[in-house]
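J.: Here's the letter readout for the chains.
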Amino acid sequence: MTTKSLKVDVHHLTRVEGHGNIVVDVQNGELKQCELQIVETPRFFEAMLRGRPYTDSSHITSRICGICAVGHATTSLRATEKALGVQPSEQTVLLRKLNFHGEILDSHILHAYMLVAPDFLGVGSVIPLAKSAPEVVLRALRMKKLAGDLCKAISGRHTHPIAMTVGGFTHFPGSEELAALRERLVAMRADVDATVELFSTLQMPDFSRDTEYIALHKPDEYCFIDGVIASTDGGTWPIEDYRRVTNETIVRHSSAKHTANQRESYMVGALARFNVNYDQLHPRAKAAAATLGLKPKNTNPYMNTVAQVVEIVHCVEDAIRLIDVLLARGITWEAPAPPTRLSGEGVGACDVPRGTLFHNYVIEDGKVVGANCIIPTGQNLANIEADMRKLVPEILDRTQEQITQALEMLVRAYDPCISCSTHLLNVQFV
Amino acid sequence: MSAKPKVAFFEFTSCEGCQLTVVDSLQDHPELLDAVEIVQFREAISEKGEDYAIAFIEGSCSRPSDEPKLQAIRQQAAIVVALGACAHLGGINAIRNRMPLQEVREYVYGDRAEWFETYEPRPIKDVIKVDAVIPGCPIDRREFIKAVTHLLQGRMPFIPDQPLCMECKLKENICVYTRGKVCLGPITLAGCDAICPTYGDGCEGCRGLIANPNIEAMRQVMHEHGLTDEAIDAKLSMFLTNQIMALEEAG
Numbered sequence: 014m015t016t017k018s019l020k021v022d023v024h025h026l027t028r029v030e031g032h033g034n035i036v037v038d039v040q041n042g043e044l045k046q047c048e049l050q051i052v053e054t055p056r057f058f059e060a061m062l063r064g065r066p067y068t069d070s071s072h073i074t075s076r077i078c079g080i081c082a083v084g085h086a087t088t089s090l091r092a093t094e095k096a097l098g099v100q101p102s103e104q105t106v107l108l109r110k111l112n113f114h115g116e117i118l119d120s121h122i123l124h125a126y127m128l129v130a131p132d133f134l135g136v137g138s139v140i141p142l143a144k145s146a147p148e149v150v151l152r153a154l155r156m157k158k159l160a161g162d163l164c165k166a167i168s169g170r171h172t173h174p175i176a177m178t179v180g181g182f183t184h185f186p187g188s189e190e191l192a193a194l195r196e197r198l199v200a201m202r203a204d205v206d207a208t209v210e211l212f213s214t215l216q217m218p219d220f221s222r223d224t225e226y227i228a229l230h231k232p233d234e235y236c237f238i239d240g241v242i243a244s245t246d247g248g249t250w251p252i253e254d255y256r257r258v259t260n261e262t263i264v265r266h267s268s269a270k271h272t273a274n275q276r277e278s279y280m281v282g283a284l285a286r287f288n289v290n291y292d293q294l295h296p297r298a299k300a301a302a303a304t305l306g307l308k309p310k311n312t313n314p315y316m317n318t319v320a321q322v323v324e325i326v327h328c329v330e331d332a333i334r335l336i337d338v339l340l341a342r343g344i345t346w347e348a349p350a351p352p353t354r355l356s357g358e359g360v361g362a363c364d365v366p367r368g369t370l371f372h373n374y375v376i377e378d379g380k381v382v383g384a385n386c387i388i389p390t391g392q393n394l395a396n397i398e399a400d401m402r403k404l405v406p407e408i409l410d411r412t413q414e415q416i417t418q419a420l421e422m423l424v425r426a427y428d429p430c431i432s433c434s435t436h437l438l439n440v441q442f443v
Numbered sequence: 089m090s091a092k093p094k095v096a097f098f099e100f101t102s103c104e105g106c107q108l109t110v111v112d113s114l115q116d117h118p119e120l121l122d123a124v125e126i127v128q129f130r131e132a133i134s135e136k137g138e139d140y141a142i143a144f145i146e147g148s149c150s151r152p153s154d155e156p157k158l159q160a161i162r163q164q165a166a167i168v169v170a171l172g173a174c175a176h177l178g179g180i181n182a183i184r185n186r187m188p189l190q191e192v193r194e195y196v197y198g199d200r201a202e203w204f205e206t207y208e209p210r211p212i213k214d215v216i217k218v219d220a221v222i223p224g225c226p227i228d229r230r231e232f233i234k235a236v237t238h239l240l241q242g243r244m245p246f247i248p249d250q251p252l253c254m255e256c257k258l259k260e261n262i263c264v265y266t267r268g269k270v271c272l273g274p275i276t277l278a279g280c281d282a283i284c285p286t287y288g289d290g291c292e293g294c295r296g297l298i299a300n301p302n303i304e305a306m307r308q309v310m311h312e313h314g315l316t317d318e319a320i321d322a323k324l325s326m327f328l329t330n331q332i333m334a335l336e337e338a339g
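The listed protein sequences correspond, in order, to chains B and W. Using the working numbering, you'd call the opening residue of the first sequence number 14 and step up by one each time. Using the working numbering, you'd call the opening residue of the second sequence number 89 and step up by one each time.
Some clues are possibly wrong.
Claimed, not checked - Heads up, simulated DMTMM-like pairs for lysine to aspartate or glutamate below, C-alpha to C-alpha not over 20 Å straight-line:
hint	chain 1	residue 1	chain 2	residue 2
1	B	K144	W	D116
2	B	K158	W	E231
3	B	K380	W	D321
4	W	K157	W	D214
5	B	K144	W	D122
6	B	K380	W	E318
7	B	K144	W	E135
8	W	K157	W	D139
9	B	K231	B	E330
10	B	K231	B	E103
11	W	K269	B	E347
12	B	K158	W	D116
13	B	K380	W	D317
14	B	K158	W	E119
15	B	K299	B	E330
16	W	K217	W	D139
17	W	K136	B	E421
If you are wondering where the hints come from, they were derived from the structure by calculation, not from laboratory data.
Model the full structure from these sequences, guided by the hints.
T.: Here it is, written out as structure tokens:
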């Protein structure tokens, strides 16, 4: 039993999206304080949607986050469509899935290569990495560009998508454009293999803490859009029951609310999806997981980045498949599916890069009157703090610098998206 | 001038999408990393230097305690560039400036509203002097590259004062008004390559107003295309809330 005292105060953690501080206080071997403080400015998106036409919601909420803009827009559209009885066409569903893969790839490549890899390659950031290992950085930029180009072809741009609208799209990619993207995706397999190879050589910190893992689930596909809420502790819930799973509470040290389901906390994101939906992964992604030493259920949060690499493999393969389906059907310039009513309530859910995202709107006479968004990073905050509480006593014998780095890497592994998470609310809909 | 200008990136209330667009622009222009030295970019790097000459600031100022931080950046930087609509206009954050502040706070945080500091979101030029602007939500990659090129040549970035319609016509787009949609192209600053009309949507005004916008005529056009006053107000308040409120105040 150590009697060490320690204070860690990481002000404005770097290489994450948004502003967070890590504060740990150990006195005589006893953990007094252990917080991930969210100091991002509150953003009030839900309040801003009210009184505006339902068609504005997806364009406003995509601005919650520059990195998961397509995820917010898709979730927003699904909430609106359910509220107003809109049935999107098969083509719309296919194009949305393809667009979504573009965003998952873009976000995961950014996180794995540019934000996480420097910790393992002994550099402070991707900039010195460009000098010491230019082929790694060029590969990351090349892959990220293809992901962005995929989103651009379908919705105009990744940050913030233009052509996505309630019931469908306002612009469509040409067949030649899709065929060219398909060719580039096939050629990208070499880069994907090299990514798996690189991450199989990085030694993730040895730490584990069993928790509840939550993700959207469908029996017949690795689910990113719609489905049901599923937990590794057992149980599924319809998306509409999201409040029974998330149970939000306000804590003082965070402008983002905390959540808990069947335990004190739960985890969402790539590792949670991997644990819940392993069976639905593409065979090449399963093979990559084996190479990377990742098996469900994995309880090491540092492995979230490795699960992202597995998803990169899956999304490239599934994007190729989706393009084949779209090319075989042929692209039709079709009008968006119309609303069947102008008042109603709907919940949309997507598993965006960082985990399960919920939007819930109440619409009256075509205008939004109530809105609630629950963000993946908000759902992970309580779980990150629970990890920190277990981790700190296990590594107290290390130097202050090593402890700080281990904590920073832990938070970074979750790929937090802090500006996303700071605008929540607690409204009872009547 | 020393070998490479030192550059820093900062963000206030925003989605960090403009900085992400900066990262994306490196995909096509990796040589930029050789032309400047980035000493601070919290979203992307851990290194932290305070000796920057050029500061790019994303995000609006939406709480009093951010003002000293902006002033400190202004003191250090020879050149301050507002990066994107939030820093330039207050951006999407300013939608709530038409709503009662206390009501907005309570809607989101209930009886704990006082725990989280905020005030009316504003462009950074309301707090510190700004030397140049790269407009848009998000910024346009080519415009960012052009602005950096200008700065490296010792010139200030410059955005021509012309409405979006000019650019849209040059692209030979079919006017979205003829496709049953409304568009703020006639009053919005061009420079984005008319990307929204090109992808089938009307302009939302994210780049801000031209120097002499005829707001009344714009309202009239939208009215003739079937929009109610309320719908017109919504259209004009997505990105332009602060600018339109300032015009109203000036009469």
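J.: Just pull the numbers of the violated hints for me, sorted ascending.
T.: none
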